[in-house]
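Asks: Residue numbers (my numbering), protein chains in the order written: chain H, 23 to 370; chain E, 23 to 370; chain U, 23 to 370; chain Y, 23 to 370.
What the hints contain is simulated information worked out from the structure, not anything from laboratory work. Each hint should be verified, as a subset may be incorrect.
Identical chains share a label here; the pair holds if one copy fits it or two copies do between them.
Claimed, not checked - Simulated crosslink set (PhoX-like; lysine-lysine; CA at most 25 Å straight-line):
1. Lys186 to Lys25
2. Lys106 to Lys160
3. Lys62 to Lys276
4. Lys301 to Lys186
Quantities reported herein were computed from a predicted structural model and do not represent experimental measurements.
Here is how the chains run, residue by residue.
Protein chains: 4
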Amino acid sequence: MIKVGIIGATGYGGGELVRLLAFHPAAKVTAVTSRSYIGKAYSEVFENFRHHEELMLQEEHIESMARDCDVLFLTLPHGVASGKITEYVLQKTRVIDFGADFRISDADVYEKWYGVSHAGRELLPRAVYGLSEIYREKIISARLVANPGCYTTAGILALYPLLKEGVIDPDSIIIDAKSGVSGAGRGLDLGVHYDEANESVKAYKIGSHRHVPEMEEQLSLAANRPIVLSFTPHLIPMNRGILLTAYATLNDKKAAYDDIYAVYEKYYKNEFFIRITKKGASPETKWVKASNFCDIGFTPDTRTGRVIVISALDNLVKGAAGQAVQNMNLMFGLEESAGLDMMPVFPA
Amino acid sequence: MIKVGIIGATGYGGGELVRLLAFHPAAKVTAVTSRSYIGKAYSEVFENFRHHEELMLQEEHIESMARDCDVLFLTLPHGVASGKITEYVLQKTRVIDFGADFRISDADVYEKWYGVSHAGRELLPRAVYGLSEIYREKIISARLVANPGCYTTAGILALYPLLKEGVIDPDSIIIDAKSGVSGAGRGLDLGVHYDEANESVKAYKIGSHRHVPEMEEQLSLAANRPIVLSFTPHLIPMNRGILLTAYATLNDKKAAYDDIYAVYEKYYKNEFFIRITKKGASPETKWVKASNFCDIGFTPDTRTGRVIVISALDNLVKGAAGQAVQNMNLMFGLEESAGLDMMPVFPA
Amino acid sequence: MIKVGIIGATGYGGGELVRLLAFHPAAKVTAVTSRSYIGKAYSEVFENFRHHEELMLQEEHIESMARDCDVLFLTLPHGVASGKITEYVLQKTRVIDFGADFRISDADVYEKWYGVSHAGRELLPRAVYGLSEIYREKIISARLVANPGCYTTAGILALYPLLKEGVIDPDSIIIDAKSGVSGAGRGLDLGVHYDEANESVKAYKIGSHRHVPEMEEQLSLAANRPIVLSFTPHLIPMNRGILLTAYATLNDKKAAYDDIYAVYEKYYKNEFFIRITKKGASPETKWVKASNFCDIGFTPDTRTGRVIVISALDNLVKGAAGQAVQNMNLMFGLEESAGLDMMPVFPA
Amino acid sequence: MIKVGIIGATGYGGGELVRLLAFHPAAKVTAVTSRSYIGKAYSEVFENFRHHEELMLQEEHIESMARDCDVLFLTLPHGVASGKITEYVLQKTRVIDFGADFRISDADVYEKWYGVSHAGRELLPRAVYGLSEIYREKIISARLVANPGCYTTAGILALYPLLKEGVIDPDSIIIDAKSGVSGAGRGLDLGVHYDEANESVKAYKIGSHRHVPEMEEQLSLAANRPIVLSFTPHLIPMNRGILLTAYATLNDKKAAYDDIYAVYEKYYKNEFFIRITKKGASPETKWVKASNFCDIGFTPDTRTGRVIVISALDNLVKGAAGQAVQNMNLMFGLEESAGLDMMPVFPA
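With the hints as extra help, turn the sequences into a complete structure.
Replies: Structure below.
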């Protein structure tokens, strides 16, 4: 069994990772760390794990954990992971980082958007961007994987084939995303206090969300030219799920549904975790809940010459922990869907 | 007291109208009709009205109601009102129609988008589009007011000044809207069954929603040239509220916040029901709930050369019944805010 | 106009009080205080108040406020108000306290349940328990009113007539209550973090909630003998509203619905804010939302010889701010429903 | 592999059964029937099943299905299953009935509470009540299992040990339950229309819910004397989960927590799916969501001499489909937790 350590295991992403790995056929969580709950049973922090999980939360010692574990998952605040991951750590173990420190190849861009200095620039070239469907081959041999952001996963999977095949104008991309509240984490804040978030909707970080440079880098690679895009995330009153609505101008304004469908098929027809919705249907977050699926639908609109692409995923699974497990599976030569082979839960 | 008749009073829009008029200083509901609940007390259909409202639901007789009432509000399915409103009715009373039949000046456009034939083409020239802030003068003397749609109110108020003043490129408009479930009405349907709509989000009628031609007509008038726009409505799990996010390319890509603010001030600074959010803040539906306010915020984005405008309103108030009362006030020479002078309810 | 000061105005109860008083015909809020937001506009703390309310939050000086205001409302943590309210304050102004310090006549009982010492024992005899429907006469002449708790209002109104008339066995009372999350206030806490409270239900403070001694004292007075009761509050995923289900053994196990109805009528038939539901109907919190109503329904069950009484109210209105305004109206000789004459908002 | 047929597979209970069986190590769904969706792909009715499940919905032919399947699950309206299950069917296959027809041993009691005549009285003696933890031995050899109701499972598991051991007074039982909306099924009804159920709570079928006789029969067997109890179900605004709060008078009014704990341990210490919460903790539905767990907590209250017992389960899993799979496992000699070995999903 692959021995797994989780550094920062008491957030929602960490909890979901433990849930997914609990029945993984080839991996086992052997160490979980926390800053606030050291010495406490993990099942006291997340009572859903009672009768299953007997882990105790321990203090973080990344070097000894690197020696003891085959892979470490890090869920740490921005700027922290880059100071902790060292050559020594990467010699001893593999690392999958949930944070943003190694997602953006240009440390200057990272520092500008995140407002912190990057403490591990020398390791950046070794990091592989962990979007399994796109970087599968590189992930297989990676020691350090930067697990993508939740919005970015939804955005890149939605648009990658269209840019790759020149279907849309790279200058025209507008992305409007809607996220459930768990994306904001388990930390207390007035904006996610129950009565403040319930029965309301708002946009936030308009044009300035940190997932922008990540999407722009990846989509620029797809288009083979620099892309600047508009991105507006919204907070909506539900626990889980992201629905992302992308707008772009079609290069062929009369492009037919079937032609665009063929483009998606070219890239995704063998991707188990990507489901293109049937013509006339449209993704809904309820159909992917608690699963690693990303559903994608699209509508060409001849009136406006635009295509509207919609993607839906569970921000804690395909947008975080599920993606990470998928990457782990690739890194260890396992079946890519090992431990992820579960149905979405509906209604939930 | 102005005598008010409501035809089709048992939907959510009708209920909200009764609530708003209950304490109106100069108007009183004297007749409410229904197809399904004839003879039943109104406060049995909406138990919130117990101890306040003693109306009985009666059968609909538009001509006798026209004789007895000073104004009739109609909340009927599309295509029905245009067959009921006659010259005779308009001679005897004033009419405020919640439906779409008289919102679009070109009956052919109406028929194409609504898929029904228009039964009252000859009355179309007499109808005034009831967006109070824009058509105030015409509404004052109107006999027939077409009360705007909920999305359209949010969309037009958000973009009207920018188009009027040439701030944005009319060909670049993309509108992404998020609505609470009450917009779908009180009729049963699997899509609004509790467990289907709760904890999920979806887009619907992508590019084909019937509020498109209504927005296009009004915004074309503002721009003084034809506009074709993209519009995607989304259903989100909450009872009330619409948040609308509009994207448009700035003609001056370096336009400053304050310059755009001045444009909004020019049009709205004396509008009590329109609140421009402070710089750095952004509208949230919770701040307008149960009120007639429409909050508007905007963010110019020099990276992309676009402006993102966000508007928030309560779909049952400024998006329906409140707007209708505002129009009634104008038609009868009352204080425009009469009966609408209430604070948003928070948290609710 | 009655000049109103609010000490501790930035919680949900304070906000609701400002909302209700905004259109009160005979009172006006002239001062609002806060510990955290001194110098800030009130409408920045609660943006729903923009365009209506121009108050600034000031530091608390109870004595000068007592001189300047005709009435002070206090919404402070338990144990704080009793140290602030002095003879001097009560000479200069009237006080309505939202907290529990003056609700329980026996300071020893208070200290036992609340775990703090009572700093104003000498004033206890001057405090009147502010349940308007029951203590109307005393409230009229009171200088210090202890505004009841939210659960207790629902519980006392449900059972008072039955105990007063000897309909039920005082030893058999079990109260199971369900509250929306706003009852927990605006303070941050993991239990009311959005994802923790949403889509879940739990009981809390089982048998030990501080509203127990308050209900027991009032119901003992009704029964004219000591009462000990079981009370279990539950937190349910919604913003507002309390539904309380009370169980008691009927002294006449075959008591008919109409006989019990007559008992309620005897006490409540002239009470505008209490609505007895029709036979066959049952209270739902949605029918009282944002209003001062308390709906009550009951079901005698001949199988078990018990009666089940259900009451519903809005915890921020009849359970807090609305009740307080009702008390103020009584204290100042105003129409009891002044400023409270609004319909419940549905759906909301 | 055990071949499974599901008659009535398009409700929420049927959907959950398909979800649970999808990865069952020893069973496979081979036939699903429907009245409304014959010929449609199952994954079009429940889109969460896309990429996993390729079943087509077929017409119902219970006899041929009995020949083809090793076990049939029936989710049919009350009164229907008893007319369909015949000796022939039971010879050919095993049956697990989600409905109530075979839950109550006395057909007269059934007919009185359900208001329909029982069409299969002769088979009643062969039916085993499918509460696995209590009737394990009988279920192993059963041909016909009556799967318990959702409320009844929560109620019986909460009180069974206390009655069996004489800890509580059988005449004093009051049960107050709170259920998410999925318990009402996927059929359209105004009461479960989104805006009617959201942000509100109500009691329903007070004292007359059909789960009463089922709980009374089972708890009478535990107490070895007839029990009449009070039961009030409530509908709360969430998708899944039941929290049940039971009140009973302690025979020893000073009974200590640890003594009662020992009673629960005696019955449940080896039950994987029953988790007794730690002292000071209390069940919450979020900790059992999407799992087969039933969490139980209790609080002895020496003030009142009562014990308050709280149980939480997922109404679609331990309250329906999970329980059914657990029974199937017993009937086929499998590991009891086969296919049910999943963690609760949190937050969800």
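Asks: Evaluate each hint against the coordinates.
Replies: Cross-check of the supplied hints:
no., hint, result
1, Lys186 to Lys25, "neither (38 Å within a copy, 46 Å between copies)"
2, Lys106 to Lys160, "within (23 Å within a copy, 58 Å between copies)"
3, Lys62 to Lys276, "neither (61 Å within a copy, 32 Å between copies)"
4, Lys301 to Lys186, "within (22 Å within a copy, 38 Å between copies)"
Violation of the numbered hints given earlier is confined to hints 1 and 3; the remaining hints are satisfied by the structure.
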